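Line order of the protein sequences matches chains A and B. Residues in the first sequence are numbered from 1 upward in steps of one, following the numbering used here. Residues in the second sequence are numbered from 1 upward in steps of one, following the numbering used here.
There could be a bad hint or two in this list.
Stated by the list, open to error - In silico DSBU-like links for lysine-lysine, alpha-carbon gap of 30 Å or less: (1) A:K289 x A:K21; (2) B:K325 x B:K108; (3) B:K299 x B:K262; (4) B:K212 x B:K299; (5) A:K41 x A:K21; (6) A:K129 x B:K195; (7) B:K250 x B:K262; (8) B:K116 x B:K299; (9) A:K129 x B:K59; (10) B:K108 x B:K44; (11) B:K250 x B:K299; (12) A:K258 x B:K299; (13) B:K116 x A:K258; (14) A:K129 x A:K41; (15) B:K212 x A:K129; (16) B:K59 x B:K44; (17) A:K258 x B:K325; (18) B:K299 x B:K59.
To be verified - Label pairs and their calculated CB-CB ranges: (19) A:G159 x B:A111: 37 to 45 Å; (20) B:T323 x A:S208: 40 to 48 Å; (21) A:V260 x B:D275: 35 to 43 Å; (22) B:F276 x A:T25: 50 to 58 Å; (23) A:P325 x B:P296: 31 to 39 Å.
No wet-lab data here; the hints were simulated from the structure. Note that the structure is a prediction, hence the values are computed from the model and not measured. All C-beta atoms in this analysis are idealised placements derived from N, C-alpha and C, irrespective of residue type, glycine included.
What follows is each chain in one-letter form.
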Amino acid sequence: MIRIAVLGLDEVGREYARASKRDPTSRLVGVYDPDRARAEKLGEELGVPASDHCQELLETANPEVCIVSPLETNEALVGDLLSRGIHVLFTLPMSPHAEEMEELLARNTTTRGMLAADFHLRFTPAMEKAREWVSGGEIGSPLFVNMNLWRDLPEEFGGNPALLFFELGLHGVDVIRQFVGDIERVQCFGVRDTRGCFTSAQINMMCSNGAVGHLTISYEMVTHHPIARCEIAGSRARVVIENVYEETTLYVHERPEKLVLTNSIFGGIPQLSETCYRRLNEFLTSVQKGDLARDATVVDACAATRVMKAAYHSAERGSVEEVEPGC
Amino acid sequence: MLRTCVIGLGPIGNRHADIHQADPLANLVGVCDWNPERAEAAGKRLGVPYFTDAATMLKTLQPDMVSVATGGHEYGSEHAAATMVALQHGCHVLCEKPISNELEPARKMVALAREKRLCFAVNLNHRFTPACRRARQWLAEGRIGIPRFMNMAMWIGNPRESSPWFHFKALHPHTIDIMRYFCGEIEAVHAFAIKAPGRSIWSTAQFNFRFKSGATGHLTGSYDIMRGHPMERAEVGGTRGRILLQDMFKELTWFPHHSSEKIVITNPIIGGMGDFTDTFINRIHNFFAELTEGIPPDKIDGQASDALAAQSVIDANIRSMRTGKVEMVDPASWTGNYDLSYGEAQRASD
Ligand SMILES: NC(=O)c1ccc[n+]([C@@H]2O[C@H](COP(=O)([O-])OP(=O)(O)OC[C@H]3O[C@@H](n4cnc5c(N)ncnc54)[C@H](O)[C@@H]3O)[C@@H](O)[C@H]2O)c1
Numbered sequence: 001m002i003r004i005a006v007l008g009l010d011e012v013g014r015e016y017a018r019a020s021k022r023d024p025t026s027r028l029v030g031v032y033d034p035d036r037a038r039a040e041k042l043g044e045e046l047g048v049p050a051s052d053h054c055q056e057l058l059e060t061a062n063p064e065v066c067i068v069s070p071l072e073t074n075e076a077l078v079g080d081l082l083s084r085g086i087h088v089l090f091t092l093p094m095s096p097h098a099e100e101m102e103e104l105l106a107r108n109t110t111t112r113g114m115l116a117a118d119f120h121l122r123f124t125p126a127m128e129k130a131r132e133w134v135s136g137g138e139i140g141s142p143l144f145v146n147m148n149l150w151r152d153l154p155e156e157f158g159g160n161p162a163l164l165f166f167e168l169g170l171h172g173v174d175v176i177r178q179f180v181g182d183i184e185r186v187q188c189f190g191v192r193d194t195r196g197c198f199t200s201a202q203i204n205m206m207c208s209n210g211a212v213g214h215l216t217i218s219y220e221m222v223t224h225h226p227i228a229r230c231e232i233a234g235s236r237a238r239v240v241i242e243n244v245y246e247e248t249t250l251y252v253h254e255r256p257e258k259l260v261l262t263n264s265i266f267g268g269i270p271q272l273s274e275t276c277y278r279r280l281n282e283f284l285t286s287v288q289k290g291d292l293a294r295d296a297t298v299v300d301a302c303a304a305t306r307v308m309k310a311a312y313h314s315a316e317r318g319s320v321e322e323v324e325p326g327c
Numbered sequence: 001m002l003r004t005c006v007i008g009l010g011p012i013g014n015r016h017a018d019i020h021q022a023d024p025l026a027n028l029v030g031v032c033d034w035n036p037e038r039a040e041a042a043g044k045r046l047g048v049p050y051f052t053d054a055a056t057m058l059k060t061l062q063p064d065m066v067s068v069a070t071g072g073h074e075y076g077s078e079h080a081a082a083t084m085v086a087l088q089h090g091c092h093v094l095c096e097k098p099i100s101n102e103l104e105p106a107r108k109m110v111a112l113a114r115e116k117r118l119c120f121a122v123n124l125n126h127r128f129t130p131a132c133r134r135a136r137q138w139l140a141e142g143r144i145g146i147p148r149f150m151n152m153a154m155w156i157g158n159p160r161e162s163s164p165w166f167h168f169k170a171l172h173p174h175t176i177d178i179m180r181y182f183c184g185e186i187e188a189v190h191a192f193a194i195k196a197p198g199r200s201i202w203s204t205a206q207f208n209f210r211f212k213s214g215a216t217g218h219l220t221g222s223y224d225i226m227r228g229h230p231m232e233r234a235e236v237g238g239t240r241g242r243i244l245l246q247d248m249f250k251e252l253t254w255f256p257h258h259s260s261e262k263i264v265i266t267n268p269i270i271g272g273m274g275d276f277t278d279t280f281i282n283r284i285h286n287f288f289a290e291l292t293e294g295i296p297p298d299k300i301d302g303q304a305s306d307a308l309a310a311q312s313v314i315d316a317n318i319r320s321m322r323t324g325k326v327e328m329v330d331p332a333s334w335t336g337n338y339d340l341s342y343g344e345a346q347r348a349s350d
């Protein structure tokens with residue numbers, strides 16, 4: 001049984017705590033949040049120790065794996081955990097600074113602890129099928145990719161002008177990068193609220209594989225209607241993924257019929273939160289196998305962060321921005 | 001009954017002529033094409049006098065209205081000459097898109113119509129559908145609140161390699177017209193485009209827009225995807241909901257923020273839109289009805305000035321491709337014809 005602690009109990013942190021509780025190969029040994037009431041509420045719900053003192057919890061719970069959700073002390077904390085050989089799965093936004101992410105990544109290769117990024121939207125049969133179609137050449141040579149991702153204003157919004165980019169945006173770019181690889185250049189038009197925080201953005205992308213891409217992100221929608229759509233078109237066919245996992249469709253240009261994979265009510269994905277469970281599972285498998293190379297999500301997180309950094313600058317400056325090359 | 005003519009008798013001009021003949025408000029009195037075989041074939045097929053010179057036809061038949069379905073370079077270089085001659089003869093004109101492949105002739109066409117106080121419309125037919133009308137009505141009622149973003153996509157397979165900007169200039173009059181119809185004037189643009197493998201023109205593109213209202217827009221366009229599957233999609237997300245229009249008339253959905261119930265209007269198989277040709281029929285009939293009712297030139301729907309505004313947006317996108325930067329749209333091209341208040345009255349009563 002792998003001992004798991006969840007540090008930082010925002011919406012995604014709470015989902016991971018519930019997922020850890022459910023997972024048969026692991027044991028949730030504690031939850032931490034600087035807000036004591038929030039920590040205790042979840043501790044009670046899941047019947048696990050809860051604390052508003054991080055180090056204290058780490059000492060008493062003695063976890064092998066930590067799920068770290070956005071906390072002010074993020075970089076220092078993650079670095080510390082890794083150096084103690086604790087494996088870390090971090091949720092978004094990690095840090096708007098790609099350099100800091102890269103530093104963590106560098107540290108990652110010198111410590112025993114393994115570091116991975118959340119990106120739970122990837123872990124669905126719908127995405128798998130789409131990846132299979134795209135990488136298998138079903139779509140021909142890639143032409144364009146479009147991704148939409150939106151929700152309501154998150155509870156942690158707190159007037160962070162760039163949160164839209166480093167939370168929703170990172171998830172969106174990660175999905176796009178799975179189909180087209182690296183992004184070279186971006187241009188963004190954004191909408192801000194009265195505090196100057198971005199609430200919606202349209203991001204144009206030039207991809208290094210020769211396709212053109214686009215991402216729409218918004219905090220001005222609701223979650224009781226579809227929240228995501230991704231479409232990848234090539235010279236032979238187009239693939240559409242509706243609402244993360246609900247439906248994947250292959251439209252072959254020259255064929256009148258389409259091929260549709262629909263999420264099943266038996267054994268399919270029941271709720272979006274299930275994607276966190278699947279993601280956790282995948283991470284724990286890598287941990288158990290001791291295979292660090294198996295999970296390259298941190299590299300992807302760094303790349304996605306650089307794309308969003310460029311998009312944010314573009315929105316601020318009215319410019320077209322080159323994405324900084326990775327290490 | 002309007003006396004009507006058609007200039008330009010390719011596949012599209014023939015389609016216009018058929019629609020004129022079938023419309024109860026019009027009487028097709030003649031057709032014309034420079035190409036004598038095309039003129040003769042169409043004249044005989046339709047049972048109307050045919051000409052190879054537009055001025056001669058117009059002088060002889062004195063029509064009230066002319067459809068200009070010429071083509072040329074970038075599918076639009078021939079429109080100006082035929083339109084100018086029709087306007088000179090005092091005819092109202094419905095011209096095919098693009099209004100012209102270049103801005104200067106387009107400006108002259110619009111100016112001449114204004115000077116002659118004639119109705120001058122362009123065949124931006126894609127939005128002449130009940131679903132698109134309803135979508136705009138929903139926007140005007142404030143059902144999605146204030147628009148924040150719009151996404152639009154349209155593609156067809158067009159293998160012609162005529163000019164680098166063929167796809168930009170000939171396809172996107174349609175999409176930009178719909179985007180302006182829903183969200184108003186476009187202020188700034190940026191384009192990334194590619195030449196699909198084996199092609200020499202910018203055949204697939206992503207266009208990013210900022211509307212004058214502050215909303216953001218995005219358009220995907222391609223000449224690389226064969227017809228058959230869905231080909232057009234328009235959605236607007238706002239402070240109170242989202243609307244989605246699929247394939248011009250097939251399905252319109254309203255996703256209100258306040259409820260998990262969405263409202264869907266699906267094209268009925270009895271009494272609904274049949275196929276794409278119906279967008280032409282509706283659009284052309286709309287112009288006939290406006291002429292019959294005597295609607296003043298600056299009040300008609302789908303005016304040439306709006307087609308010129310769309311062409312100016314395309315021009316800004318071409319500039320963006322050349323400079324690699326965000327480019328501004330010429331504000332002199334704005335018409336304000338599509339401005340909406342987005343449920344001002346409703347919000348005030350909340
Ligand atoms: N609205 C739509 O959805 C839609 C769809 C397809 C094409 N179009 C437009 O329709 C137009 C025509 O398309 P097409 O495929 O039929 O083109 P086409 O080139 O086959 O036909 C144009 C004809 O006009 C004739 N012509 C040109 N100038 C003339 C003049 N001054 N006097 C007499 N004849 C003249 C030419 O000889 C030619 O036969 C194009 O501008 C195109 O962009 C619109």
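For the pair supplied as a hint, K129 of chain A and K59 of chain B, is the alpha-carbon distance within the 30 Å limit? At roughly 64 Å apart (the allowed maximum being 30 Å), K59 of chain B and K129 of chain A break the hint.
Under the criterion that the straight-line Cα-Cα distance not exceed 30 Å, is the pair K250 of chain B, K299 of chain B satisfied? 28 Å, holds
Please work out if K116 of chain B and K299 of chain B have their alpha carbons no farther apart than 30 Å. Within the cut-off at roughly 15 Å; holds.
Does K129 of chain A pair with K195 of chain B here, judged by a C-alpha cut-off of 30 Å? 28 Å, holds
When you check the alpha-carbon spacing of K116 of chain B and K258 of chain A, does it fall within 30 Å? 52 Å, violated
Keeping to a limit of 30 Å between CA atoms, is the pair of K325 of chain B and K108 of chain B held or broken? The hint holds at about 29 Å.
Given the hint that K299 of chain B pairs with K59 of chain B, does the C-alpha gap stay at or below 30 Å? 28 Å, holds
Is the hinted pair K41 of chain A and K21 of chain A satisfied, with a Cα-Cα distance of at most 30 Å? 15 Å, holds
Would the pair K59 of chain B and K44 of chain B pass a check requiring their Cα atoms to be no farther apart than 30 Å? 21 Å, holds
Is the hinted pair K258 of chain A and K325 of chain B satisfied, with a Cα-Cα distance of at most 30 Å? 38 Å, violated
Assuming the hint says 31 to 39 Å, is it satisfied by the Cβ distance from P325 of chain A to P296 of chain B or not? 59 Å, violated
Are the Cα atoms of K299 of chain B and K262 of chain B separated by 30 Å or less? 34 Å, violated
In this structure, the earlier hints numbered 3, 9, 10, 12, 13, 14, 15, 17, 19, 20, 21, 23 are contradicted, and the remaining ones agree with it.
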